[in-house]
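Chain residues, written in single-letter form:
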Amino acid sequence: MPKDGGIGASSKRREDLRFLTGKGKYTDDINLQGQAYAYFIRSDVAHGTINSIDTSAAEKMPGVEQIFTAKDFEGVGGVPCGWQVTDRHGEVMQEPKHPVLAEGKVRHVGDPIAVVVADSLAEARDAAEAVEIDITELEPVLNMKDALKDGATKVHDDLTSNLCYDWGFVEENREAVDEAIKGAHHVTTLELKNNRLVANPMEPRVAVAEFDSSTEEYTLYTTSQNPHVIRLLMGAFVLGIPEHRLRVVAPDVGGGFGAKIYHYAEEAFCTFAAKQVGRPVKWTSSRSEAFMSDAHGRDHVTKIELAMDKDGHFLALRTDTHANMGAYLSTFAPSIPTWLHGTLMAGNYKTPLIYVNVKAVFTNTVPVDAYRGAGRPEATFQLERVVDKAAREMGIDPIEIRRRNFITEFPYATPVAVEYDTGDYHATMDKLLEMSDHAGFDKRAEESKKNGKLRGFGIAHYIEACGIAPSNLVGQLGARAGLYESATVRVNATGSISVMTGSHSHGQGHETSFAQVVADMIGIDEQQIDIVHGDTSKTPMGMGTYGSRSIAVGGSAMVRATEKIIAKAKKIAAHLMEASEGDIELKDGAFTVAGTDKSVAWGDVTLAAYVPHNYPLEEIEPGLEETAFYDPANFTYPSGAYGCEVEVDPETGKVTVLGFSAADDFGNIINPMIVEGQVHGGLAQGIGQALVENCAYDENGQLLSGSYMDYTMPRADDLPMFNVDHSSITPCTHNPLGVKGCGEAGAIGSPPALVSAVVDALQRAGHDVTHIDMPLTPDRVWAAMNS
Amino acid sequence: MQLTDSRTIKADINTVWSALLNADVLKECVPGCQEMAGSPETGFEAVVVQKVGPVKATFKGKVDLNDMNPPNSLTIEGAGKGGAAGFAKGAADVKLEADGDSTILHYDVEAKVGGKLAQLGSRIIDGFAKKMADEFFTRFQNALEEPEDDEQETDAEEETAKKGWFKRLVS
Chain A
2 MPKDGGIGAS
12 SKRREDLRFL
22 TGKGKYTDDI
32 NLQGQAYAYF
42 IRSDVAHGTI
52 NSIDTSAAEK
62 MPGVEQIFTA
72 KDFEGVGGVP
82 CGWQVTDRHG
92 EVMQEPKHPV
102 LAEGKVRHVG
112 DPIAVVVADS
122 LAEARDAAEA
132 VEIDITELEP
142 VLNMKDALKD
152 GATKVHDDLT
162 SNLCYDWGFV
172 EENREAVDEA
182 IKGAHHVTTL
192 ELKNNRLVAN
202 PMEPRVAVAE
212 FDSSTEEYTL
222 YTTSQNPHVI
232 RLLMGAFVLG
242 IPEHRLRVVA
252 PDVGGGFGAK
262 IYHYAEEAFC
272 TFAAKQVGRP
282 VKWTSSRSEA
292 FMSDAHGRDH
302 VTKIELAMDK
312 DGHFLALRTD
322 THANMGAYLS
332 TFAPSIPTWL
342 HGTLMAGNYK
352 TPLIYVNVKA
362 VFTNTVPVDA
372 YRGAGRPEAT
382 FQLERVVDKA
392 AREMGIDPIE
402 IRRRNFITEF
412 PYATPVAVEY
422 DTGDYHATMD
432 KLLEMSDHAG
442 FDKRAEESKK
452 NGKLRGFGIA
462 HYIEACGIAP
472 SNLVGQLGAR
482 AGLYESATVR
492 VNATGSISVM
502 TGSHSHGQGH
512 ETSFAQVVAD
522 MIGIDEQQID
532 IVHGDTSKTP
542 MGMGTYGSRS
552 IAVGGSAMVR
562 ATEKIIAKAK
572 KIAAHLMEAS
582 EGDIELKDGA
592 FTVAGTDKSV
602 AWGDVTLAAY
612 VPHNYPLEEI
622 EPGLEETAFY
632 DPANFTYPSG
642 AYGCEVEVDP
652 ETGKVTVLGF
662 SAADDFGNII
672 NPMIVEGQVH
682 GGLAQGIGQA
692 LVENCAYDEN
702 GQLLSGSYMD
712 YTMPRADDLP
722 MFNVDHSSIT
732 PCTHNPLGVK
742 GCGEAGAIGS
752 PPALVSAVVD
762 ALQRAGHDVT
772 HIDMPLTPDR
782 VWAAMNS
Chain B
10 MQLTDSRTIK
20 ADINTVWSAL
30 LNADVLKECV
40 PGCQEMAGSP
50 ETGFEAVVVQ
60 KVGPVKATFK
70 GKVDLNDMNP
80 PNSLTIEGAG
90 KGGAAGFAKG
100 AADVKLEADG
110 DSTILHYDVE
120 AKVGGKLAQL
130 GSRIIDGFAK
140 KMADEFFTRF
150 QNALEEPEDD
160 EQETDAEEET
170 AKKGWFKRLV
180 S
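First to last, the sequence lines map onto chains A and B. For the first sequence, this note's numbering gives the first residue as 2, with consecutive numbering after it. For the second sequence, this note's numbering gives the first residue as 10, with consecutive numbering after it.
Be a bit skeptical, because a hint or two may be false.
[Claimed, not checked] Computed list of lysine-lysine pairs in DSSO-like fashion (alpha-carbon distance at most 27 angstroms, straight line):
#1 K104/B / K61/A
#2 K19/B / K36/B
#3 K106/A / K71/B
#4 K106/A / K98/B
#5 K61/A / K19/B
#6 K61/A / K36/B
#7 K106/A / K69/B
#8 K155/A / K36/B
#9 K539/A / K565/A
#10 K146/A / K72/A
[What the hints assert, rightly or not] A short list of chain B residues far from chain A (calculated; beta carbon distances all over 12 angstroms):
#11 L12
#12 R16
#13 N31
#14 A46
#15 E50
#16 N78
#17 L129
#18 I133
It is worth saying that the hints were derived from the structure and are not from the lab. As the structure is a computational prediction, the values presented were derived from the model and not from experiment. The beta carbon of each residue, even a glycine, is placed where N, CA and C say it ideally should be.
Generate coordinates for the entire structure from the input sequences, incorporating the hints supplied.
Listed below in structure tokens is the structure:
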């Protein structure tokens with residue numbers, strides 16, 4: 002029977018009422034008395050030297066408050082990077098300065114050069130037209146391999162080259178991997194690209210900042226997935242504002258997908274300028290600006306080699322990846338192709354030897370950072386594609402070759418430094434084959450053939466590392482922050498509860514699912530619980546939401562805080578019922594004394610805590626409010642089997658996705674409906690990457706896909722009805738809820754399944770096609786068929 | 010983006026050459042040109058209003074004539090900034106070849122766009138540039154050639170007034 006409340010119930014998302022009725026309060030809905038508007042003048046060349054900026058005519062234009070350039074930021078720090086990677090030679094990465102406004106050089110189309118602050122946006126834009134900027138264009142650095150050649154033009158003149166780092170993992174395995182590949186029965190090699198993407202949250206970025214001169218306090222309202230991180234980075238590293246004088250609020254946020262994790266120059270600008278001009282300053286990104294200033298995702302070029310014995314057992318895996326960093330290091334950028342990518346290269350397989358090499362490269366493009374999945378989709382894509390190719394080369398069924406190599410014993414320590422706690426990969430594979438009616442495929446393929454279409458089935462099995470992350474571990478890996486999470490559970494006098502969480506909800510439904518957890522633990526109605534997030538002045542220091550970490554890490558902090566609440570409430574209940582604390586039981590919102598009919602309601606205990614007339618004051622304090630910080634012992638390892646069925650039109654090369662099945666193991670599930678929604682969203686974005694999305698630059702570094710005319714987003718008619726299951730459960734062993742996280746899975750597992758399905762369709766029709774780079778647009782598929 | 014083409018103009022090579030160096034001719038021939046001032050030696054300052062797909066902008070720019078080898082060849086280089094719309098720049102290698110009473114004008118154009126023009130207009134920019142070049146040389150041809158006898162009656166008066174105006178000016 003489905004539950005109607007608490008953990009495991011498909012409670013309806015309470016936040017949807019305001020979202021669906023247009024009552025959400027987003028950053029752009031915030032307008033402060035007397036606010037001025039900022040308009041950013043951005044570089045329209047990819048690489049150039051700034052000779053002069055003449056603002057004199059623009060300053061005289063109507064409504065102009067002030068025009069800012071790099072000169073105004075001389076005493077201000079650069080936008081910091083939150084992760085320092087050490088390369089295979091023991092050297093730390095090259096880390097260029099990332100100024101708030103371009104200093105001397107522009108390094109990508111969209112790089113901010115100057116900002117006009119004026120009474121209205123229209124006046125700011127008009128004045129921007131009158132700012133004279135003289136730039137001498139330089140040769141742009143675009144191709145990653147060319148960028149690393151001797152004598153290549155440098156993106157940053159003060160660095161020794163365009164190489165950020167040359168990372169080897171695990172460096173000690175390098176020779177053994179080379180040897181194993183040399184002596185193997187068969188080696189499958191695949192070269193591929195993981196296409197550059199633009200995150201495109203529905204709500205573009207916005208920042209509104211004010212400075213109160215009477216209290217010397219700053220407030221920044223911003224579209225962020227992690228307001229505390231923004232406060233820390235901007236306060237400590239950019240503007241030098243102590244935390245107690247800086248409040249950062251991220252109200253309703255219309256989607257993030259990673260692009261709203263990072264601290265951006267526009268946030269620092271508005272906060273800085275608000276004090277300078279003495280009035281609030283607001284900036285709202287246009288969609289065009291979003292394309293050229295939101296961090297992009299993916300953009301890896303990879304060669305992967307898989308060595309096998311004669312039976313298709315994996316012996317060794319070697320990868321060589323160039324990862325595009327763009328022009329500057331975004332907040333988490335260096336960690337994505339390394340610790341969130343190299344560590345996942347074992348996948349679901351017991352390959353004993355693995356070596357991953359990643360060269361991170363600076364280019365004259367928008368900075369690249371995490372996008373839904375962040376490193377793990379890149380790892381999964383190359384691994385699952387090479388496994389698929391290997392199966393076909395070895396004449397082994399792609400399902401069978403996976404089964405033959407699945408890890409079956411847990412915990413399992415991979416050769417790439419992580420330890421999977423639980424999983425059952427055969428179970429998810431079995432479930433997938435059942436869900437997708439794999440047995441009936443041949444019959445369906447016949448039908449397609451009759452209709453002149455080519456049908457194919459592709460499979461992918463993924464592993465991801467979620468619930469990031471153990472602070473002591475990431476500290477060793479170069480993180481400049483801890484990755485714990487926090488929660489304060491404030492029980493009010495009448496028994497209602499406010500939970501202040503350091504996690505942030507921007508579409509994930511935390512307000513519903515987090516309330517379910519606390520309600521379940523205490524045995525009260527979910528409606529008595531309110532989840533408060535997104536305001537540094539209200540919530541304890543927390544690291545925010547990304548990396549499928551909220552329920553695993555934030556939820557665990559909330560469980561710990563609620564456990565403290567329950568422990569204290571039992572003491573109060575014991576006093577009220579004149580019983581021993583050890584005999585008190587909490588069930589369905591009432592405290593009872595074991596073995597008696599004595600009972601006291603939740604509300605009576607909470608009232609006693611705040612009206613402590615009859616209260617053990619000598620033993621415990623009044624009040625009922627507890628905070629917990631939770632730092633995970635390990636990552637969590639969700640996994641799953643994904644199957645994609647496609648039809649290719651041989652006349653046009655058009656791919657139609659007919660069916661998509663996802664059998665996931667997310668550990669325990671709090672709200673099945675929300676989980677299903679998360680998987681649907683992930684699948685849409687993964688299929689979007691595989692089928693239609695692509696961020697393109699021309700040979701001059703001009704961004705060609707700078708609007709929805711040229712950057713294709715997946716639409717409902719590109720997607721089939723999804724077939725989603727998460728009944729294969731192996732609970733996480735190291736967090737109190739046994740949860741693993743589900744936010745990114747769909748985007749991780751789907752691209753290789755789709756590409757393999759198309760390759761399968763073409764091979765079944767006799768075409769010698771082994772790989773097509775994403776997106777699989779009709780022209781690419783047609784070209785592959787007809788080459 | 011590159012364009013290579015040629016036109017046969019019914020005028021002698023020296024007339025064609027001097028037309029290419031004339032600010033008034035250039036103003037008349039550059040589509041959307043509002044202002045054109047200067048000389049072949051110092052270059053020309055130009056203001057051009059154009060609409061590329063969804064982007065309409067006023068481009069302010071400079072046109073320089075280089076590698077002049079009268080009356081046989083020259084390079085016309087232009088760069089214009091359109092403010093928030095981005096920029097456009099290009100170079101045309103022009104060669105003139107006498108062919109009896111006519112002159113064959115060969116051109117080889119390379120053009121680049123940047124900023125919003127590239128972001129919004131990339132898929133239409135090639136067609137746009139070809140249209141611009143066609144229009145320029147058609148107007149240039151019209152400025153130099155005598156009106157044809159078999160001209161349609163409709164708008165004939167206006168056409169006659171326009172056609173061959175430069176030739177009448179210099180002859």
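Distance rule for N31/B, whose beta carbon must clear each one in chain A by more than 12 angstroms = Since the minimum Cβ distance to chain A is about 29 angstroms, N31/B lies beyond 12 angstroms and the statement holds.
Proposed proximity, K72/A with K146/A (alpha carbon, max 27 angstroms) = violated, 35 angstroms
Least C-beta distance between L129/B and chain A, which was stated to exceed 12 angstroms | Incorrect as stated: the minimum Cβ-Cβ distance to chain A is 5 angstroms, not above 12 angstroms.
Quick one: work out the minimum CB distance from R16/B to chain A and report holds if it exceeds 12 angstroms, violated otherwise.
-> Given that every Cβ of chain A is farther than 12 angstroms from that of R16/B, nearest at about 29 angstroms, it holds.
Measure nothing beyond the straight line between the CA atoms of K104/B and K61/A; if it is 27 angstroms or shorter, mark the hint as holding.
-> violated, 47 angstroms
Grab the minimum beta-carbon distance between N78/B and chain A and tell me whether it stays above 12 angstroms.
-> holds, 28 angstroms
Regarding the pair K106/A and K98/B, is the alpha-carbon distance no greater than 27 angstroms?
-> It holds: about 21 angstroms lies between the C-alpha atoms, which stays within 27 angstroms.
A46/B: least C-beta distance to chain A exceeds 12 angstroms?
-> Correct as stated: the minimum Cβ-Cβ distance to chain A is 19 angstroms, above 12 angstroms.
Take the C-alpha atoms of K106/A and K71/B, compute the straight-line distance between them, and say whether it is at most 27 angstroms.
-> holds, 23 angstroms
Measure nothing beyond the straight line between the CA atoms of K155/A and K36/B; if it is 27 angstroms or shorter, mark the hint as holding.
-> violated, 41 angstroms
Verify that the Cβ of I133/B lies farther than 12 angstroms from every Cβ atom of chain A, and report whether the claim holds or is violated.
-> Given that some Cβ of chain A is not farther than 12 angstroms from that of I133/B, nearest at about 9 angstroms, it is violated.
Hinted pair K19/B and K36/B, Cα distance within 27 angstroms = Distance of about 21 angstroms is within 27 angstroms: holds.
Against the hints set out earlier in the document, violations occur for numbers 1, 5, 6, 8, 10, 17, 18.
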